[in-house]
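S.K.: Residue-level listing of the chains:
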Amino acid sequence: MQASALLPLAVAVPLLGAALLAVIGRRLPRVGCDVLATATAGATVCCLVLLLGAGGTGRATAHLGGWPADIGIVLVADPVGAGLALLAAVLVLAVIVYSWRYFDEPSGQHAGVFPALILLFEAGMTGFALTGDLFNAFVFFELMGTAAYALTGHHVEDRRPLHGALTFAIVNSLAAYCSLLGIAMLYARTGQLNLALAGRSLATGHGGVPVTVAFVLISTALLVKAAVVPFHFWLPDAHAVAPTPVCMLMSGVMVELGVYGTARVYWTVFAGPGGVPPHAFRTVFTALGVITALVGAVMCWHQRHLKRLLAFSTISHVGLFVTGVALLTPAGVTGTALYVAGHGCAKAALFGLTGVLLDRYGSVDEYGLHGRARGLRLVGVLYAVGGLALAGLPPFGTGLGKAVAEEAAGTWQPWLPAVFVLVSAVTGAAVLRAAARVFLGAGPRPQPRPHEPETTGEGEEPEIRSPRRALPATMPTVSALLLLLSLLVGTAPGLAVALGRGGERFTDRQGYLAAVTGTAEPALRGAAEHTWTGSGIALGLLSAALACLLAAAAVRLRAPAGFSRVVASAVTPLRRLHSGLVGDYVAWLTVGVAALCAAFAALR
Amino acid sequence: MTARLRVWLFTVAAAVVGGFFVAACRRLPPFGTARHPYGARAVTAALAHRTANVVSSVNFDLRAFDTLGEESILFGAVLGTALLLRPARDESLSRARTERVLPTTRLFGVLLLPLALVVGVYIVAHGQLSPGGGFQGGVVLATALHLAYIAADYRVLEKVRPSAAFDVADGISAASFTVMGLAGLVSGGAFLQNFLPLGTFNQLVSGGLVPLLNAAVGFEVASGVIVLVAHFLDQALEVHPSAQAPQPEEHPT
Numbered sequence: 002m003q004a005s006a007l008l009p010l011a012v013a014v015p016l017l018g019a020a021l022l023a024v025i026g027r028r029l030p031r032v033g034c035d036v037l038a039t040a041t042a043g044a045t046v047c048c049l050v051l052l053l054g055a056g057g058t059g060r061a062t063a064h065l066g067g068w069p070a071d072i073g074i075v076l077v078a079d080p081v082g083a084g085l086a087l088l089a090a091v092l093v094l095a096v097i098v099y100s101w102r103y104f105d106e107p108s109g110q111h112a113g114v115f116p117a118l119i120l121l122f123e124a125g126m127t128g129f130a131l132t133g134d135l136f137n138a139f140v141f142f143e144l145m146g147t148a149a150y151a152l153t154g155h156h157v158e159d160r161r162p163l164h165g166a167l168t169f170a171i172v173n174s175l176a177a178y179c180s181l182l183g184i185a186m187l188y189a190r191t192g193q194l195n196l197a198l199a200g201r202s203l204a205t206g207h208g209g210v211p212v213t214v215a216f217v218l219i220s221t222a223l224l225v226k227a228a229v230v231p232f233h234f235w236l237p238d239a240h241a242v243a244p245t246p247v248c249m250l251m252s253g254v255m256v257e258l259g260v261y262g263t264a265r266v267y268w269t270v271f272a273g274p275g276g277v278p279p280h281a282f283r284t285v286f287t288a289l290g291v292i293t294a295l296v297g298a299v300m301c302w303h304q305r306h307l308k309r310l311l312a313f314s315t316i317s318h319v320g321l322f323v324t325g326v327a328l329l330t331p332a333g334v335t336g337t338a339l340y341v342a343g344h345g346c347a348k349a350a351l352f353g354l355t356g357v358l359l360d361r362y363g364s365v366d367e368y369g370l371h372g373r374a375r376g377l378r379l380v381g382v383l384y385a386v387g388g389l390a391l392a393g394l395p396p397f398g399t400g401l402g403k404a405v406a407e408e409a410a411g412t413w414q415p416w417l418p419a420v421f422v423l424v425s426a427v428t429g430a431a432v433l434r435a436a437a438r439v440f441l442g443a444g445p446r447p448q449p450r451p452h453e454p455e456t457t458g459e460g461e462e463p464e465i466r467s468p469r470r471a472l473p474a475t476m477p478t479v480s481a482l483l484l485l486l487s488l489l490v491g492t493a494p495g496l497a498v499a500l501g502r503g504g505e506r507f508t509d510r511q512g513y514l515a516a517v518t519g520t521a522e523p524a525l526r527g528a529a530e531h532t533w534t535g536s537g538i539a540l541g542l543l544s545a546a547l548a549c550l551l552a553a554a555a556v557r558l559r560a561p562a563g564f565s566r567v568v569a570s571a572v573t574p575l576r577r578l579h580s581g582l583v584g585d586y587v588a589w590l591t592v593g594v595a596a597l598c599a600a601f602a603a604l605r
Numbered sequence: 052m053t054a055r056l057r058v059w060l061f062t063v064a065a066a067v068v069g070g071f072f073v074a075a076c077r078r079l080p081p082f083g084t085a086r087h088p089y090g091a092r093a094v095t096a097a098l099a100h101r102t103a104n105v106v107s108s109v110n111f112d113l114r115a116f117d118t119l120g121e122e123s124i125l126f127g128a129v130l131g132t133a134l135l136l137r138p139a140r141d142e143s144l145s146r147a148r149t150e151r152v153l154p155t156t157r158l159f160g161v162l163l164l165p166l167a168l169v170v171g172v173y174i175v176a177h178g179q180l181s182p183g184g185g186f187q188g189g190v191v192l193a194t195a196l197h198l199a200y201i202a203a204d205y206r207v208l209e210k211v212r213p214s215a216a217f218d219v220a221d222g223i224s225a226a227s228f229t230v231m232g233l234a235g236l237v238s239g240g241a242f243l244q245n246f247l248p249l250g251t252f253n254q255l256v257s258g259g260l261v262p263l264l265n266a267a268v269g270f271e272v273a274s275g276v277i278v279l280v281a282h283f284l285d286q287a288l289e290v291h292p293s294a295q296a297p298q299p300e301e302h303p304t
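Chains as they are written, first to last, in our numbering: chain A, 2 to 605; chain B, 52 to 304.
Bound-form chain B, shown alone (with noise of 0.2 Å):
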């Protein structure tokens, strides 16, 4: 197929359906309206077991079967990551070079570094209260660590960061929503049933469940996406082709 034949091609078949989904979205119902189907009946569930936040309360215990899913995919996207980006048996290894850092970069490292852990580590403890929980603030605490490379230099980062134990940080935490399901299960319940005490509403252990699952998830993606980050770094840093493969020569243009 000729470019020229492909781009028609894709252009009149995105034209139709372009056309369709317009026109089924116009009979959609409006938004807007005082109808909330789902939204009506998952409040009333949420409040039933004292989660103050209703999004944590579909995610972490009315759902909480599509977040074990979810939280899997990035677990096994990292694994794939793992997999792809290992060094393969044409490249090696050498350390990344030491780099020389303002001063002002460096004290806006130290100083931020802390602060954007512990503004992580509330948006993750508060996610069955307030907006956040786990994903969220799970992403703040791995960006924070990354901080280092920013205000120091890769071999810093790789020092604030080892990246086997945040590997097996991930694995645990991936394991421990699935066995926080199965207690569900072994205490007489469904799988990943409530079976504590549901707590005061509104106070920071209060849901049951959520809290704990909530950080399952967040310590889950703050080590996920920082060994995935790692492995991304670590190609760019770290892999070389080896020395005995030439390197192809420019050709002139």
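With the rest of the complex left out, here is chain A (with noise of 0.2 Å):
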């Protein structure tokens, strides 16, 4: 089938799946939802494999109703798009077979809208990676919104899903309204909404305070969904309270779309003549990457709640891609697309395995499980191993990501690549030092700390009400072939390859303007090769093996009475910022759009 009929696909099949379902799904049995939902998701997986196929290393474009770009609504795969979309798809369908016999889902009238809302945020995810419109972009972000606010509360019976849902649900949409005011600002100034045609106009112009607020503007949905400091306050408070198949799929892929979509608008939008400058660019959202990073480490490394510590992870890994992509070049952006193949694989098997614990205990508390997951001997080795990936340990995909990623920095700015491996080394050690205590009861079990502002994992509903049955082998299965998953984006010969043509793709503004316009592409230069050197292996058995010393000194080593209230008086204000109110979360998000205008004002 032709790349231009399988690019409407991709989001058509989900929509249509997702209708069908919940016109169907309650006249079916629980297995005939299951079945029509991972059919649906395994089409779509397949739509997009052959996409890959047929567009190749090049790009493929569909021009929807037959409109020129300048008119109508044009679609645009290249190979990160598309590989993104794909990332998306897989684990959907990963989530959907997850859920089969895990799930209380609701039945009679209700049958079939969880899967239905999973598709339609699977279709949400799909087109907003696929399109090359910057209006068609945020109907896709809202679709994506919709769907994962619905599906974070769905636990009505407790009232922190709402909270936690609620509050996704308002920082998102205020940050969706400065989008919406970027965009009408762009395009007062254009009078283009498809990408490479606004970037086109914007060249015959000079810059000036329109250009760089519409940008700042635009950016803020984005950043909020991709949850950088400031903007990330929503992110922990969602995840710890969404069903796990919903974590799997917010922190594997829904928050790195954030970061795709700055990318894409600044390379395509906003990277020429008339723009925001490159030193500019470079500078600033270096500084957010890095920022992100180290916060999210901190608060990650302090946490003892399971899901919140998986949250504070991404938040953390998020500040790395975002560094990746600051560069501005094709090996960043190839760095941080493995990185995020990876990483989006491994973390979805880690939540996967939390809800194993989930399941089992009712809690996901790091000291109230202490040493009551003994028997759960496989899940252990699995969680061990999703700490080591998360480190960064070759040949996961996550080692090869932050490799190639950590190279490119490192001829930028020679610091840059610690920051790289001081992050991973801690969010795989927190996760290394929870699997020792939960699975090993290593260590002596910590005491509740009742005076610090700290989440608990205590106490949480079991997502199904029949705890007298045996593990559904379905949940274990899917982690391991996540995981599995993740080690072949490290190994895979041909994909280091064609993420490498893909960083170029992605950094090539007038073949981007070329394809959408249809006029003939400009020859790709030649692209660099991608793969593991002796250094990029190196620094990923250090973080990996930093990350077990750490581990291993947090479970066994008690740290000095003073070192720890130095520690502490530092952190805990830190952790007080996390409040859950949804005021404060609004106060730092204008905070952060008030610097990130001043910032680029001032770098002009």
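Honestly, the hints are just simulated from the structure, not real lab data.
Please note: incorrect hints may appear among the correct ones.
[As the list claims (entries may be wrong)] Quick list of in silico lysine to any residue cross-link-like pairs, SDA-like style, CA-CA up to 25 Å:
#1 K210(B) with A147(B)
#2 K210(B) with P494(A)
#3 K210(B) with P248(B)
#4 K210(B) with R146(B)
#5 K210(B) with L163(B)
#6 K210(B) with G160(B)
#7 K210(B) with T62(A)
#8 K210(B) with H177(B)
#9 K210(B) with R28(A)
#10 K210(B) with A91(B)
#11 K210(B) with V24(A)
#12 K210(B) with V290(B)
All values reported here derive from a predicted model rather than from experimental measurement.
Take each chain as given, in its own frame, and dock them per the hints.
M.R.: This is the structure in structure tokens:
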């Protein structure tokens, strides 16, 4: 099938599946709903695999409605965009299979609603990754949001999920208004909504305040979705309360789509003359990325609620992804793309395994579960492997992505690789520490700390109401397969080469414009080969070793009281900022927008 | 963060953002000039497809894919509301009470309900010709049925709008938009490309796919809004905390 037909199918198939499930779901038995949802998710994966095959390492376009780009909407698939859509589709398939026997879905009138919303979520993600139109991207961004808010609040019996979902919805919707304002300003200036044509039109002007402000406003919603500090506060609150399968999708790919959107909008619209100067973007976004990575790592280390721990580790990794794309080099994009793919699979696997703990023990508290999961050997081994993958152990995809991004970052600022090593070591160590305590009962039982501003993971609702049954085989199996996929990202020979080309395509404004307008694309410069290097393997091993040491020290050693006090006095104010109050989060959102405006105005 | 600090932080930051926003807007092209970059292209394209209402042409032809996304957002919002407002384990259902209504109010409903329905259908059906269309007409249609609640009571409304049927209608109309898009693909064109005869300009049958997609959205919006309101009304009138759970006592102030 032609690529121009496959592109819209990647959105239409999940939309149709969702509508079908909503219509006939209530008449089908649970198995029927599962089969229908799995078939739809599988068909979307096939569609995207065929699309990547048909498009090769080039660009495929679809002019929807047969209209040219300055009138209608054009979908564009390049290896990075289509690859990210494929990651979303693979994770959706994994989540649907994971939920087969796990999830206590409402029945009767509401049967089929949960998988239907998951499929709408998927359509939002694939549409967002494949569109070449700014307003269309906004529409799919909102579709993603609508589905995600509802899915986050799924456990209606408990107040906490509703609170988390409400915070998520309010912060994201406010940011979406900012983006809409920004889109309107850009449209007023250029008369175009197509990304490439808006970029071409900007080149005839000479930038200035409207362009800068438009860029900051458009980025706001994307940075909120990406959970970049100080826009990140909603994420741990939503992840702590959302059903496990939904966490797998949000952490695995939705958050990363925010980073992708920022990079795509910058490259296609604002990177040329009359836009936002590259040195300003590089400085501001590297700063944002490094701050996010460090704040995420510190907060991750101090969590005992396992889902919050994983959520902060996602924030921390997003900081590294932002740093990678902020380099504005093809190698930075390639490294980040590999890193996102490896991280998405590993993080989804870790959330899946945390779901096993929740299912068995009704708790996700590192302290409360101390030694209780000794019986779950396989799950424990997988958990530790996931922690090592997060730390960037070769040959996992996270390790390869980290190595390529590190090398690209090191050629610009020699100290940046240290941030990559440190952050992946700390987040990996936090997971390993939790695994050692929960599955091995290692070290003394941690004492409760009632005076600390922290969220325990006790008293969580198990997600199924028949606790006296065997563990469904799908839960550990899906998690193990996801870890295997993360390994494949690092070892499959063709992938790094294809994404190497993808990095070149992603940063090639002229080629993107040519593909959209249907003129001949300029030939690609020879793409650099990205593969394992000696230094990359060494740094990967170093961060994995550091992670093991840190975890062992945390479990075994008792820090001197003075040291603990200094750490606590430094970290407690940061932890108190994560207050759970929507008003605080909105204030920080405004501060972030103001800071970005000021920074870009100063660096113009 | 104390409430006071929060207000300060927000005020200062909002002032900075506002300053930048005003400065940016002052440098944007002015309103009311003769230059309409997208407008000019869209009018030409709409006339070429014999659609008299250019706004509908943008919504259902030129940028129909946006509308597919938007109606999916509404569809998702309806599903999400169904999920979040489902009766929880600690809630029970009871039938809404019958209510006494003034005869004049009842007369008002009996006269206005059919009238409002006709207006809604008119607005949907003429979307390709005159201002209005599926989104607006759909909301009018949904509102029309709720006159039954005002002029009678909830039991009557439940007879007029069986929410299970509208649930199904919502899904079918959402799917039909996608199916028409795929039909364009099957007939050899692009996704959502017109494959029907364009008809005569300014006639009811004109604009090719526009009236059909418009109708699909009209049905989707009408049934979606009906189902959405139904969930909220159910929550207010029929869902109660279970008898076992004792009501928390009011604290004396």
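S.K.: Hints first: check each against the structure and report whether it holds.
M.R.: Verification of the hints:
no.: 1; hint: K210(B) with A147(B); result: holds, 13 Å
no.: 2; hint: K210(B) with P494(A); result: violated, 63 Å
no.: 3; hint: K210(B) with P248(B); result: violated, 40 Å
no.: 4; hint: K210(B) with R146(B); result: holds, 13 Å
no.: 5; hint: K210(B) with L163(B); result: holds, 18 Å
no.: 6; hint: K210(B) with G160(B); result: holds, 15 Å
no.: 7; hint: K210(B) with T62(A); result: violated, 49 Å
no.: 8; hint: K210(B) with H177(B); result: violated, 29 Å
no.: 9; hint: K210(B) with R28(A); result: holds, 22 Å
no.: 10; hint: K210(B) with A91(B); result: violated, 49 Å
no.: 11; hint: K210(B) with V24(A); result: holds, 21 Å
no.: 12; hint: K210(B) with V290(B); result: holds, 18 Å
In this structure, the hints that do not hold are numbers 2, 3, 7, 8 and 10, in rising order.
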